[in-house]
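Going line by line, the protein sequences match chains L and Z. Counting with the numbering used here, you get residues 1 to 538 for the letters of the first sequence. Counting with the numbering used here, you get residues 1 to 406 for the letters of the second sequence.
Misleading hints may appear alongside valid ones.
Unchecked claim - Distance condition first, Cα-Cα at most 16 Å in a straight line; then the derived EDC-like pairs of lysine to aspartate or glutamate:
no., chain 1, residue 1, chain 2, residue 2
1, L, Lys111, Z, Glu83
2, Z, Lys32, Z, Glu222
3, L, Lys133, Z, Asp269
4, L, Lys526, L, Asp230
5, Z, Lys78, Z, Glu182
6, L, Lys111, Z, Glu157
7, L, Lys163, Z, Asp269
8, Z, Lys289, Z, Asp154
9, L, Lys111, Z, Glu222
10, L, Lys111, Z, Asp269
11, L, Lys350, Z, Glu18
12, L, Lys162, Z, Glu18
13, L, Lys111, Z, Glu18
14, Z, Lys78, Z, Asp134
Claimed, not checked - Selected chain Z positions facing chain L (Cβ under 7 Å, derived; list incomplete):
no., residue
15, Phe137
16, Asp138
17, Ile155
18, Val268
Hint data in this document are derived by calculation from the structure and do not stem from the laboratory. By construction, the Cβ of each residue, glycine as well, lies at the ideal position given by its N, Cα and C atoms.
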Amino acid sequence: MKSKYDAIVIGAGHNGLTNAAYLAKSGLDVLVVEKNDYIGGAAVSRELHEGWLYSNCSYVCSLLRQSIHRDLNLTRHGLMIVPYSGTTNFSLNGNYIAEYGDHDMQYREIKRHSLRDADAIHRYETDLMRYAKLIRHFLLRTPADPTSFKPRDLGEMMFMAKKFAGMGEEQVYEFMRFMTMSAGDFLDEYFENDLVKALYSTSSIIGTALGVYSPGTAYVLLHHVMGDVDGAVGAWGLARGGMGAISNALAGALKEHDGEILTEAPVAQIIVKKGCAKGVALEDGREINADIVVSNLDPKRTFTNIMDAADIPSDLRKKAENFKIRGSSGKVNIALTGKPDFPSLPADHKLRNGSFQFLDSMERMERAYDDWKHGRWSDDPFIEMTQSSVWDPTLASPGHYFVSCFIQYCPAEVEGGWTPDKRDAFGKTVIDQICNYSPNFRDHIAHMEVRTPFEIENEIGLTEGNIFQGELTIDQLMFNRPFPGYSQYRGPVKGMYMCGSGTHPGGGVSSACGANSAREILMDLKRPNVVPEDDVDE
Amino acid sequence: MPMQTNLQAADTIDHVHEGVIYSPFHRRTSAKNINQQWSVWNGYASTKYYADAHLEYFSTRNTCGVFDVSPMRKYRIKGPDAEAMLNRMVTRDVTSQAVDTVAYNIWCTDAGKLIDDGTLFRVSEDDFWLCAADPNFDWLQLSAVGFPNLEITDISEDLASLALQGPTSCALLKAMGFSGIENATPFSIMRFPFGAGEITISRTGYTGDLGYELWVDPADAELLWDQLFSVGQVYGIQPLGEDSLEMARIEAGFLAPDVDFHGSLHTVDRGHDHSPLELALGWIINFKKGHFSGRAALAKEKAAGKHRRLIKLDIEGNKPAENSILYCDKGCKKTIGYVTSAMWSPVVKANIAYGLVEGQYADGPIWAEIYHQKELRWVRKLAQCTRVTKPFWAPERARQTPPSDC
Ligand SMILES: Cc1cc2nc3c(=O)[nH]c(=O)nc-3n(C[C@H](O)[C@H](O)[C@H](O)COP(=O)(O)OP(=O)(O)OC[C@H]3O[C@@H](n4cnc5c(N)ncnc54)[C@H](O)[C@@H]3O)c2cc1C
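The following block holds chain L by itself, in its conformation from the complex (with noise of 0.2 Å):
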């Protein structure tokens, strides 16, 4: 470690890792400061049970944008990203409702429940599909500032406002309305039946301090269909080795332009200096200097943490404190000797390879949100159960799999607190819902790793546990994310920049927030850029 850095990149996450490669690649001397003894922040992998990988936080893969990929040359840093086959989400009699990739085994399947369901889900997937090519288009863009005549802000306008009225004006109007509608609102307006409405519900509130029912939810929704693999926009994968081999491409290709990661130093501090961000402050009193700083910590984190109060306006500091980052999902992740048995399908069914999810209706997600409401964990928890490691053999020796469950809901504070006790209690109410459905589920477990929004921020520093980093609500999105004013991933002194999920696009294992920032950088330092556009769909 030298004693200066033309740019330090605080955290190690994958947005911080992917700003820094760039940085470098650009031919900056680079350094990227993690408070852990790993990196990869949210998208992680580690064995905490020997033999078993988790993907700790993060678990499947869509948003990475591709021309990233690409450009980075991440395939030869290690990654690869696989696909993997649908969900089966059971009501409480056994029946379900699955997904198949095959379009006229999705139609069956659908009319199982309601005939009108299995037709109108053409109508529904392509008004969505519509929504998400507009959006794909600005994942890659820094958002425009809309009060500024700057000649690249008025271009960015226009290319907005040009995508938009592609759509037409009826599509136009429909969108608006999108944009600030409930998901169960958008649902209703297509299918009848409730396991149906059900499956399609849940990536509405992932991650996400809202009911299916609140305004806003429609876009969240998108947020999780707007990604692809491979060009199929709404498929998602894994990443082979789990989240964590992003995270580890992403260092290789840092380390290919001669960046370094320094692991274990926490940063107390951003230093200022008249006005100009003159470096960091490790905990262990350690000082490194660079003229540009960059924070991949979340926004409150960055403007009340990390940031003295004297350094930054008023307004901002408040407009940090406001920001709306409730935590609302935990994570259990099971090591198990044996598959998960599922007596409702049938033996060597191909569903049995796919995701879980355990939900007959759209009100029963609302009274789980309820429990959260009134500062509980859901006492009948939503979850997503991937089995991750029938897909990825690195993960678990054969014979013995990996299983990651992603739970809505589950509270960044409790009554007195979390404690060990109350995470091991919540953890029980997960593996009692698993259960029911597949009852000697229990009997395989080697080892579990029960984290609630608690461990989350403990442990990666995700405030109050929320996943993306800030929530996605319309409010905080776009020229608005994380505070208007701030979109353009400028901090408000000199040199001092924000990377994370908590800046434009939002959050997710995209890249694209490390990378706009980037462009941005060099856009100041009068660099030629080297950040690639996305492959947007023509």
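Following the hints, position chain Z with the ligand against chain L.
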């Protein structure tokens, strides 16, 4: 506590069948499909060709051929409001459609964009069947808003259906004992006792030749097939696969959904769907009948007259213009559209195609950029196209009653 489950055993749940499903004729079609050449249509195994596509295709022009249309989606709209509801949904005048007739129809969004096409059977005053290549139940439900006195049911699985097409088709049906069938006029429906119940025969089809569609209870499907093929021996009967039917329908001037047009409910990008005016379907838009879905938009578009046009092309040379881009000049400076369907027509000995072009270029010179292979080597050529207004194949017998060969 999580909500308590009461799990059913796997064998009590109606899991969907994985892979293709079979039409009521499958045992028969599969036996004749000697190379097992299948495609998938609405999830059903549908034969691409049986043994010899060229020979099978010619049966529609020379003898007769049988195509299994069971995978079509069929809906029954029944009740006092059925006529009014359908009249608002489709572009033709349903109120003037006589009982026991069929009308080729289309339905559009309010924006005047084509959703799908199909045939509307009026089986009694208040009872209709709608047959289409793709599912339309959702749109039927949406179109029935405000019409409470009717019932819409999917009868797709309740009917097994075959298209019998070609010059000897009438004679064959007569020989099978359906006497009087020769008096069926085009687009009319007749019924005869058959098997355990009844057979409905409509003088309809997708080949442009003399032909009929036969509708029976699935339980009688194999009986129908067997009778057709035993009696049909001397009438030169052949089974038809999708490859042959596709050729016949292009010659006849019929459109194929998802080939010549993209249904508007499935279209993501503006401009990738179509108005029926573009597709030369103006002749079935009845502006006089009063309101129907899309009327205002279509009237406006018609008045402006600037829409794209799907036109029939006769193209020089013998290389089919599949996937070709169309230009108004041989130098390919100005793209004016593209080919949607193309083939060498064995019966008329012409290189034919449909082209969708910008309206203003429809009457001018048109050149097709054709890529074809010579022993694997790809070659590009520019071929001059001549616009044709009549269907490429429209024999007299298709309109005669009784037909000439019967
Ligand atoms: C449980 C969970 C499940 C998820 N599931 C998915 C999913 O399946 N798919 C998907 O696409 N997305 C998912 N997400 C969201 C996604 O993982 C995140 O949005 C994304 O990984 C955030 O990346 P980032 O680089 O912006 O920030 P982070 O990953 O939060 O990185 C910030 C980094 O900064 C470090 N740090 C914090 N404070 C300091 C400090 N003071 N000094 C030095 N370093 C510090 C942290 O340790 C961390 O490494 C999930 C998130 C969670 C938590």
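Violated hints, by number in ascending order, as checked against the structure:
1, 4, 5, 8, 9, 10, 12, 14, 17
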